[in-house]
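*Asks:* Take a look at the letters that make up each chain.
There are 2 protein chains.
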Amino acid sequence: MDSSLPRVVIEDVRPAVDAGRYPIKRVLGTAVHVSAAIFKDGHDLIAARLLVKSPDKSAAASWDAIPLQYRFDPDRWYATFTAQTLGRWQYTIEAWPDAYGSWQSDLRKRVAAGQDVATELIEGAALLERAARRARGAAKRQLVAAAAVLGGASDTPIQERIERALDASLLPLIDFPLEEAARTRAEVFELIVDREAAAFSAWYEMFPRSQTDDPARHGTFADASERLPDLAELGFDVVYLPPIHPIGRTHRKGPNNSRSSRPGDVGSPWAIGADEGGHTAVHPDLGSVTDFEAFVKRANELGMEVALDFALQCSPDHPWVAEHPEWFFRRPDGSIHYAENPPKKYEDIYPLNFWCEDRVSLWEACRDVLLFWIDCGVKIFRVDNPHTKPFAFWEWCLADVQARHPDTVFLAEAFTRPNRMKALAKLGFNQSYTYFTWKNSKWELRELMTDLLAGEMAEYYRPNFFANTPDILHEYLQSGGRSAFRIRLLLAATLSPIYGIYSGFELCESTAVHEGSEEYQDSEKYQIRVRDWHAPGNIRDDIRLLNQLRRKHLALRQLINLEVLHVANENVFCFRKWADGEELLCIVNLDPHRPQETMVSVPVEKLGLPAETPYVVEDLLSGDRYTWQGRDNYVRLDPAARVAHLLRLPAATRAVA
Amino acid sequence: MDSSLPRVVIEDVRPAVDAGRYPIKRVLGTAVHVSAAIFKDGHDLIAARLLVKSPDKSAAASWDAIPLQYRFDPDRWYATFTAQTLGRWQYTIEAWPDAYGSWQSDLRKRVAAGQDVATELIEGAALLERAARRARGAAKRQLVAAAAVLGGASDTPIQERIERALDASLLPLIDFPLEEAARTRAEVFELIVDREAAAFSAWYEMFPRSQTDDPARHGTFADASERLPDLAELGFDVVYLPPIHPIGRTHRKGPNNSRSSRPGDVGSPWAIGADEGGHTAVHPDLGSVTDFEAFVKRANELGMEVALDFALQCSPDHPWVAEHPEWFFRRPDGSIHYAENPPKKYEDIYPLNFWCEDRVSLWEACRDVLLFWIDCGVKIFRVDNPHTKPFAFWEWCLADVQARHPDTVFLAEAFTRPNRMKALAKLGFNQSYTYFTWKNSKWELRELMTDLLAGEMAEYYRPNFFANTPDILHEYLQSGGRSAFRIRLLLAATLSPIYGIYSGFELCESTAVHEGSEEYQDSEKYQIRVRDWHAPGNIRDDIRLLNQLRRKHLALRQLINLEVLHVANENVFCFRKWADGEELLCIVNLDPHRPQETMVSVPVEKLGLPAETPYVVEDLLSGDRYTWQGRDNYVRLDPAARVAHLLRLPAATRAVA
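Chains S and Z, in that order, are what the protein sequence lines are. The numbering of the first sequence is the working numbering, which starts it at 1 and goes up by one. The numbering of the second sequence is the working numbering, which starts it at 1 and goes up by one.
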């Protein structure tokens, strides 16, 4: 029999991820609603409080306490705190039998029933004396004084003793159990508080070397800076650059991923490291670190941030290969292993051996790369293939960096099995790629959104819906024409608060390297691409409008306020989003080739809309207004003209259930 | 950076209750299917095994290891063990990177692609040498020998070296990681293995003092023994007796719970303890402990068990009051607190103070009461109001008793908030009362079964569906006549593998003490009741038949193999149960007063039944056979004749999806 046997049981604390093994995530300034099942045997009352420690407090600092309130249905306790500091918070719950509160409650019933309570008052005095022994300062003195009154000192009249006993101001003086062993403390849970950019932003991916008007002239950070005003005008929040470091020459890849390169071929930016330096150097053709800092500064002035790629791999020419051969996998002859997925060989890439003997130095060197670029003004990192590096490394590295810089944001680029994608989000990545790019049919989109919003996943997984990437040009885009790009852009920008496109999407670039491939022809990964950003057929107006609407309407800035609605036509996808009293209804024709029509069932009862009389809906995309009536309304979408309605429904005309 | 950083992640181990905080439960001889999400970074293979320790092993004993198998969809690992020993099992999972297996797999691909693998063989030899250093005995010698071959000893031809390298028999020799730090071990989970009686049994509750033909003559254990053959013939498994101990005289309750008793009034058996003894004594009017043991022996001979009531409270005359006043709550004047729920007073009962200074002695004394009756042959205890004693006490007490006597079974009689009822089941009670008695409408029954079968609850909560108790005569029975009793009996006996009735149910006793009360008139709790067990209108035939069917049909012996089916009529409840290739369909008229008809939708596709051609169903209750066709079939149930169909559907005529 252990003396720590709990008097009060605390179970099922929520929110939590894997019963507290991993942190939940919230955005700065949001309310965190905590609840738990808390109970004990018998009829005694319970005192319970939420304990919160903000990131700016030391481990030894005391907790902030917030009383928990009980709700009979559903038999749980609730409290709320506001996440007003960036970083890792801790929270837990403690509870104990409320001895004096229980006694007070019983006394009230006895008095109401007209019972003689002389003996009970002596018992109450004894409880207050016990409390006084554990209290300090003014509280101690007040408890001692009250105990004397209850006990009948100076022949206090019984009525006065009862009134003092029932005094509500006594309870707050006893914010502890009468004996320490009666206190139950739940395990400690963690909360990562990010700035809003981690959960809401529009990304634009571009290769700075392509920001040129001549494929023979390597674009520079100065060139790239000139594109920034346009991107800001289109409403993007984040400009993401593939690796900007020197590119290896050994086994450099040629255009269209050919295994040999010719002089002048620029190579893949992901083959990081050359004589000029490694992960903390800038490709000399782009400019200097100072030039990069100027680029970042310019973006910031325009209200945008720059995201860098963090790809932990080395070209054979990376300085680490010579300086730290022990950080790589070695063959029996002492040479270094290139990357392989047998029988495929990737001779231009050396993977790092994260479990090598000199692991501590390697992990710290990787962490220091991040600190270097943070010093240059970068706060957002898109992490390349994190699932090919140890989960334990990321859990350590992200926590270490964010303890120093809680305003940093890490996006996990992992296209792998769901358990591994979820694990990266759980251990600390602030946002994650998804399979959105491949989800083009209605049932796929419904399943994707159901997964993201159901259960614990919404507590830790923030999806970033990229509509394309340098690696993924989906067949839907290859064959769907301009309408397909408009549809996918609209879905990405409205289904998820974080979305992105990669250069060329706005121009509806749709040519794959060969049929059946998702790789772009003449992929920018291996060569410089020059574009006319105002070429005919572009969808810049769509982008600008959607980014404006996303900033204006809170409903589009949050993830979980989404419900997929049933419509009969399998080519039409319909969902509602809501926030702040505003209700949006998005109806999308998923068929880029043909008009589609369907009846849309508006949940009028739930939304407090009239079931009998007409109401007006406004299309935020076109400005058109329609008069609808009741639940079922007809919609027809011709992709040649418009691919979707994004309707603002009128405010509820009666109380919503 | 902690050196215990995991290489392999093990998550979401199932089955588990509250992430392993509480044990799961299974019946002896059943298979336990364990699964988990197990993954690591990169492409390497993983070695994973389930570790199991049976209750007969010491804490220091080694684990039994069972390899886990991976299934791509749903991306989890699986293994099964059989619970072939009563008591508390432990299980966990461990995993590590399968270095040699990964290397073998890569080598196979390289060889298939015709690559030169001379260097790889050297690497493979090095891996085998590392493994050999950690292996023992014959395995060590075999690994050393294989390493020599791979390494090219004695100019072994390359083809022979490759064959040896790919030899499948090498892998089982390496049942450990190449370095100990690479081993990940999940937390340890617990499993309580009970005998089948804990999960399947028909209970009969009777007051032994009422087994008499004259209310003035106190029934004895000898009298009660004479009833046993009849109960065995009716098919009951457990005969449960309310407390059999001496009954207090101070403040003894009179008939119908009156606050004063007259000489000759027998009092409530739950007011335990008098001059004649306490919890380990037998009421002298029932006989002696030896008489009780004879009663138990007789029940056992008839294939039944005796369950005793375990009610941890004392009458003011209980020997503990004088011997251990420190185990009770004391008032300021030194007197002992009677039970109260202010303003109500229960002066015939003294509650125990489970957190008193002398707690260890008290808890052990309570435990010793159980051990005493176990010595007398009792293996089943119905625990009275466990939720008014500390949860920590039960968790300790049940584990302590069951470590000595793993064949004991504890039924929690807690009618309280759901969290507390669930908590008692989680911490070790083998079965639990439910709110079944109050669930009489279709939606209530559906909700009850959904709760019991959904999620983790089925892992730890075994419902015992009592159709009535000495405290609960539901209004449905008071007003529904004989059909109501038949309906509730059928529901109890078919919905749950554990069910029970309390004496008088078979006679359809339905008179409450007053309108609006669920208490019986002239309740047996306070007086002796004499009955004619063959009185007209009894439902003995129903009981006998249902108990026979329950023993014969495995589907009725398990809980979770149940699906509630939709039927349009709100007065008809329909569910299917299945096991062992047999499919039962139960259709119950919940209206005891009027015939009800409905269409029943048979899930023919799921059950592999013909959708077009006729098939024959057999009513196990009546023996009637009906020709049904396709999905929708008509049913009419007139409660005057029959209250339900319990149909056996034909075996699937084609493969079931």
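Because the hints were derived from the structure by calculation, they are not lab data. Keep in mind that this is a model prediction, so the values were computed, not measured. Each hint should be verified, as a subset may be incorrect.
Unchecked claim - In silico negatives: residues of chain Z with every beta carbon more than 12 angstroms from chain S: (1) K40; (2) D41; (3) T92; (4) L107; (5) E123; (6) T212; (7) A294; (8) D333; (9) W355; (10) K379; (11) H387; (12) A392; (13) G516; (14) L549; (15) A579.
What the hints assert, rightly or not - Here are the computed lysine to aspartate or glutamate pairs in the EDC-like style, where the Cα-Cα straight-line distance is at most 20 angstroms: (16) K345(S) / E123(Z); (17) K442(Z) / E475(Z); (18) K439(S) / E347(S); (19) K297(S) / E347(S); (20) K345(S) / D116(Z); (21) K552(Z) / E618(Z); (22) K345(S) / D167(Z); (23) K109(Z) / E347(S); (24) K345(Z) / E123(S); (25) K109(Z) / E340(S); (26) K439(S) / D73(Z); (27) K379(S) / E357(S); (28) K344(S) / E618(Z).
Each residue gets a CB set at the ideal place from its N, CA and C atoms; glycine is no exception.
*Asks:* Now, for every hint given, state plainly whether the structure supports it.
*Replies:* Quick rundown of the hints versus the structure:
no., hint, result
1, K40, "violated, 7 angstroms"
2, D41, "violated, 5 angstroms"
3, T92, "holds, 16 angstroms"
4, L107, "violated, 8 angstroms"
5, E123, "violated, 6 angstroms"
6, T212, "holds, 37 angstroms"
7, A294, "holds, 36 angstroms"
8, D333, "violated, 7 angstroms"
9, W355, "violated, 7 angstroms"
10, K379, "holds, 24 angstroms"
11, H387, "violated, 6 angstroms"
12, A392, "violated, 4 angstroms"
13, G516, "holds, 22 angstroms"
14, L549, "holds, 37 angstroms"
15, A579, "holds, 30 angstroms"
16, K345(S) / E123(Z), "holds, 17 angstroms"
17, K442(Z) / E475(Z), "holds, 16 angstroms"
18, K439(S) / E347(S), "violated, 33 angstroms"
19, K297(S) / E347(S), "violated, 37 angstroms"
20, K345(S) / D116(Z), "holds, 13 angstroms"
21, K552(Z) / E618(Z), "holds, 15 angstroms"
22, K345(S) / D167(Z), "violated, 25 angstroms"
23, K109(Z) / E347(S), "holds, 17 angstroms"
24, K345(Z) / E123(S), "holds, 17 angstroms"
25, K109(Z) / E340(S), "holds, 11 angstroms"
26, K439(S) / D73(Z), "holds, 19 angstroms"
27, K379(S) / E357(S), "violated, 31 angstroms"
28, K344(S) / E618(Z), "violated, 63 angstroms"
Comparing the model with each numbered hint stated earlier shows that hints 1, 2, 4, 5, 8, 9, 11, 12, 18, 19, 22, 27, 28 do not hold.
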